[in-house]
Amino acid sequence: MAAQPTPEEKQEALFQTWLSPKDAQGNDLPFQSPQAAQQYKERITRIKDAIQLKKRPDRVPVVIAPSFFPVFNAGMTPHDVMYDYDKLAVAFKKFALDFGADAHIGATAPGPGRAYEIMDYKLYSWPGHGVAPEHSYQCNEGEYMKADEYDALIQDPSGYFLSTYLPRVFGALGPLQMLPFLPGILEIYGVAINFIPFGIPPVQAALKALMEAGGEALKWIGTLGAIDGELASQGYPEFWGGFTKAPFDTLGDTLRGTKGIMLDIYRQPDKLLEALEALTPLMIKLGVGAARATGKPIIFIPLHKGADGFLSEEQYEKFYWPTLRKVMLGLIEEGCVPNPAAEGGYNSRLSVIKDLPKGKTLWLFDATDMAKAKAATGDTACIMGNVPSSMLNLGTPKEVKDYAKKLIDVAGKGGGFILSNGAFFDQAKAENVKAVVEAAQEYGAYK
Amino acid sequence: MSKKLVSAIADMREEEALKLVRKMLSEGTTPIAILDAAREAMGIVGERYEKGTYFLPELIMAGEMLTQITAIIKPELAKMPEVKRHGKVLIGTVKGDIHDIGKNIVSFMLDVNGFEVRDLGVDVAPQKFVEAIRDFRPQVIGLSGFLTLAFDAMKETIAAIKAAGLRDGVKIMIGGGQISEQIKDYAGADAYGRDAMAGVTLAKKWLGDK
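Top line first, the protein sequences correspond to chains S and W. Position one of the first sequence corresponds to residue 791 (the working numbering), numbered consecutively onward. Position one of the second sequence corresponds to residue 962 (the working numbering), numbered consecutively onward.
There may be inaccurate statements among the hints.
With beta-carbon atoms standing in for the labels, derived distance ranges [stated by the list, open to error]:
id : chain 1 : residue 1 : chain 2 : residue 2 : range
1  : S       : Gly1079   : W       : Gly1126   : 32 to 40 Å
2  : W       : Ala1032   : S       : Ala942    : 51 to 59 Å
3  : W       : Lys1045   : S       : Glu1103   : 50 to 58 Å
4  : S       : Ala793    : W       : Glu1025   : 48 to 56 Å
5  : W       : Glu1092   : S       : Ile983    : 57 to 65 Å
Note that these hints are calculated values from the structure, not bench results. Ideal Cβ placement from N, Cα and C applies to all residues, glycine included.
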C-alpha cells in the first residue's frame, strides 16, 4: 500500500490545483496573455508564502473582501444583481479589475433571488423581499431549532436538517416533514412503504419547487463560473475555495439563535457540548468537500458568537474553541487552509487561539489590536486585516494609506501578513478602497 | 428569604430562583418585595457585566428569569410599583438594519442602571423616532446599527429629528458594529459609545447623575 500523503503534501497539492485553473470542461484554462499567466502565478505564490511562513513573500499581499460594495461601485443595487446575473457579472468583474487586489472573492455572496423566492426562504430578508432594493440581505434570527430537539440533532444531524430544519426555513419545503426515515429502506419489505410519502401531492409540490430552484441555481452558478474563469484568465485568482463554520456558530446563528444558545449554556450545557461535537465532523466535511470541488485551499470561516464581550474566557474555552479548533485541524489534515474571520474584537482570545500547527492558518481580524495579534499568533499563523469600514467609507485615501502603512510595519514584519479590510462592507469611497491596494504595492515590498 | 432570592438570580440559579418566588408568594411575601429583590439582583448582574465577569449568556439568562418571575407574580400584582428613574432614553436600531443583540444589551444595562427605556426595536424609520420623541419625551436617544448602511440611516434619522425641531432638546448617542468616532461626526450625533457601559456612562453624564 502506498504511503498516505501528509497534510503538508495535501496542502501543497491544493495550492498546485489553485495554481493551475481549469475551464468548465476540465481543461487547462488559457490565459489571455503570458503576462496574465505570470501575474496569476505570482499572486497565488505571494499569498501562499504569506500563509506558510516558510519564507517572506516578495511583498505583502492585499485582498479586499467586501459584501455589496462591488455592486454599489458599479452603480447598481443589491436587488439588480440578485435578479440579473449579467449585471452580477459586470459588477464583480469591474470590482476585481478596477482595484487589482491580489485575489478577488468571487461573486457568490449576492445569491440568486429567484431561487430564494421559489423556496419561500424565511431565514433571510433580501432586497425587494423585506428589505429595500438598495440594501443588502439580512438574517431573521429565530429559534429554528427548539430547545428540546438536541437529541434529534445529535442522533441524526442530516435527517434533522432534511425533515425538521429545512421545512422551517423554507416555506416551500414544509411537506418534507412527511419524508420517510430513509435508513428504513433496508430490504425489499421496507422499500415500497417508504416510497409512499413521495407520492403525496404536497411532497411532490415541494420536490417540484426544489427542481425549479435548482434550475435557477444552475443558471446562477454558470454565471459565477464564467466570471471566475474570465478573471483567472486575466491573472486574478479567486481567494476562497469554500466555507464552513464554527460548530458553536452553526448552532447559535441559524439553529438555536443567540438567545437560545446562550440559555442552553446554563440550562443544558451537556446537550450543547454533545451537539457541538456531533456537528464537528459535518463542518469539516463541508469545508474539505468545497476545497476539493473548487480546487482551492483557503476555507472561509466567519466567526460570530465567540468575539470579545459575547462569552467569558471560561465559556469560550469550554463551548466555543474546542470544536472550532477541531474543525480547523480537520481541515488542515486534509490540506485546507482555514481562514477564520473574527468579526468584532478578538483581543481576549489571542492567547487561546495560538494553539495551532504552524503555517496552516490564516486569521482575518476586524476590531482586534493587530500588534497584539501579531505578537500572539505571528509565529504560528498568517494574519490578515484590518482597515476599518468606517475609514473606507468616510476617511481620505491618505488616512487609509497611513493606517495601512502602519499595519504593514507592525503586522507585516517578517512576512505572515495579508493586508485587507477588517469587516465586510457595502458602502465605501472607491478611492479609499484603491488606497488599500496601493498601500501594499507602495509600502509592502520585502527587501 | 429575599436575600436568598437575590443571590439565586444574581448567580444564575434559575430553578432555585423560581422555586423561591413561588414559596415566598405562598408564605405571604408581597409581590412588590419580590420585584424589589429581582431588581436588586439585576443590579448585581449589571455590575458583574460591567466588571467583565458576566457576558451575554448571563444578561440573557437574567432577562429570562425576570420575565418568568414577572409572569408568576403578575396575578398577585395589583399594580406595578412606581420606581424612581433617572431619566428617559429612547433607543432603536436604525432603518434598514435588523440587528438587535448589541441594542438589547444597551437597553438592559440602561434599565438596570435606573433609566426608563423605550425600545423601538429594529429597522426603525426616522419618522418613527420623531413620533416617539414627541410622545415619550426622552432626554437621551440611542441609535444602534451593525451594517455600514447604518451610517447614512443614522444621519437621516438625526436630520429628521432636527427638521422636526426636536434636536435641541435631546442628546444623541450612537453605537454598534462598524460605528466609530468618525461616524459620530458624519451623522451629527453627540457621542459614540464603544459598548453598553459607555452608553450608560454617557446617559448618566448627560442627565447629571454622579
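Status of the hints after comparison with the structure:
1. Separated by about 59 Å at the C-beta atoms, Gly1079 (chain S) and Gly1126 (chain W) break the suggested range of 32 to 40 Å.
2. The hint said 51 to 59 Å for the Cβ distance between Ala1032 (chain W) and Ala942 (chain S), and at roughly 28 Å that hint is violated.
3. Checked against the hint of 50 to 58 Å, the pair Lys1045 (chain W) and Glu1103 (chain S) fails, with Cβ atoms roughly 37 Å apart.
4. Distance hint for Ala793 (chain S) and Glu1025 (chain W): a CB-CB separation of about 55 Å, consistent with the stated range 48 to 56 Å.
5. Between Glu1092 (chain W) and Ile983 (chain S) the beta carbons are some 60 Å apart, a value that agrees with the proposed interval 57 to 65 Å.
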